[in-house]
Amino acid sequence: MTSLNARAYRALFQSALRTADADTTKPHPHSLFTPRGHRLALDPDVTVVKGGRGVGKTVWFQALQDPALRAVAADEYRLPVLTRIESHTKLDMPDIYRVAFGLGRKGGVPRMRSS
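Heads up: the sequence shown at position 10 corresponds to 10 in UniProt numbering, and the numbers run straight through without jumps.
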C-alpha cells in the first residue's frame, strides 16, 4: 500500500466528491435532504427565513415549486398545508406593499396621489 501525503489526500477527496450547488443542481424527490431543523422555515406562516450561505434556502425555494417535492416535504415535516399550496410565478402581496414600492397591478383601486 502506498502512503499518501496531505496534498495527495486532498486531491483524492476533491476528485471523489461531487460539488452540489443549489444554483445549478435541482433537488430530486429521492435525494431531498429533510433535516429536522428546516421544518419551521417551511411553515407557510413564517415570512422571513434567515440562514447563512449554503444552509438550504435556495434548495427549499426550488423544491417548493415542484408538487412532488412539496409532497415529500409535507409528509416528512407533517405539514399537510404544503400540499394545498400552488406555486406560480406571479407575486401576490398586500396592496400596502404595492403602494409603498410603487409596484403596478391589474385592476383594483389606483394608487393615491398626494396633493
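In short, the hints are calculated from the structure, not lab data.
Given the structure is predicted, the values throughout are model-derived calculations rather than measurements.
All C-beta atoms in this analysis are idealised placements derived from N, C-alpha and C, irrespective of residue type, glycine included.
Hints should not be assumed to be uniformly reliable.
[Said to hold, decoys possible] Pairwise CB distance ranges (calculated):
| hint | residue 1 | residue 2 | range |
| --- | --- | --- | --- |
| 1 | TYR9 | LYS50 | 29 to 37 Å |
| 2 | THR2 | THR58 | 35 to 43 Å |
| 3 | ALA41 | GLU86 | 27 to 35 Å |
| 4 | THR47 | ARG84 | 46 to 54 Å |
| 5 | LEU40 | ALA8 | 50 to 58 Å |
| 6 | ARG53 | ASP75 | 40 to 48 Å |
| 7 | ILE85 | ALA11 | 41 to 49 Å |
| 8 | THR83 | SER3 | 51 to 59 Å |
| 9 | PHE33 | SER3 | 33 to 41 Å |
| 10 | PRO44 | ASN5 | 25 to 33 Å |
| 11 | PRO80 | ARG113 | 54 to 62 Å |
| 12 | VAL48 | TYR9 | 36 to 44 Å |
| 13 | PRO44 | PHE13 | 50 to 58 Å |
Verification of the supplied hints:
A beta carbon spacing of about 36 Å between TYR9 and LYS50 agrees with the range 29 to 37 Å that was offered as a hint. In this structure the hint that THR2 and THR58 lie 35 to 43 Å apart at CB holds, the actual value being about 41 Å. Between ALA41 and GLU86 the C-beta distance comes to about 19 Å, which lies outside the given range of 27 to 35 Å. Between THR47 and ARG84, the C-beta spacing of about 18 Å breaks the proposed range 46 to 54 Å.
For the pair LEU40 and ALA8, the beta carbons lie near 43 Å from each other, so the given range of 50 to 58 Å is not met. For the hinted restraint 40 to 48 Å between ARG53 and ASP75, the CB-CB distance of approximately 28 Å leaves it violated. Evaluation of the 41 to 49 Å hint for ILE85 and ALA11 yields a pass: the beta carbon distance comes to about 45 Å. Between THR83 and SER3 the CB atoms are about 55 Å apart, so this pair conforms to the stated range of 51 to 59 Å.
For the hinted restraint 33 to 41 Å between PHE33 and SER3, the CB-CB distance of approximately 35 Å keeps it satisfied. Separation of PRO44 from ASN5 is about 52 Å and departs from the stated range, judged on CB atoms against 25 to 33 Å. Checking the proposed 54 to 62 Å range against PRO80 and ARG113 shows it is violated: the Cβ atoms sit about 45 Å from each other. Taking 36 to 44 Å as the suggested C-beta distance range, the pair VAL48 and TYR9 conforms, at roughly 41 Å.
Under the hint 50 to 58 Å, the C-beta atoms of PRO44 and PHE13, about 40 Å apart, miss the expected range.
When each numbered hint is compared with the structure, violations occur for hints 3, 4, 5, 6, 10, 11 and 13.
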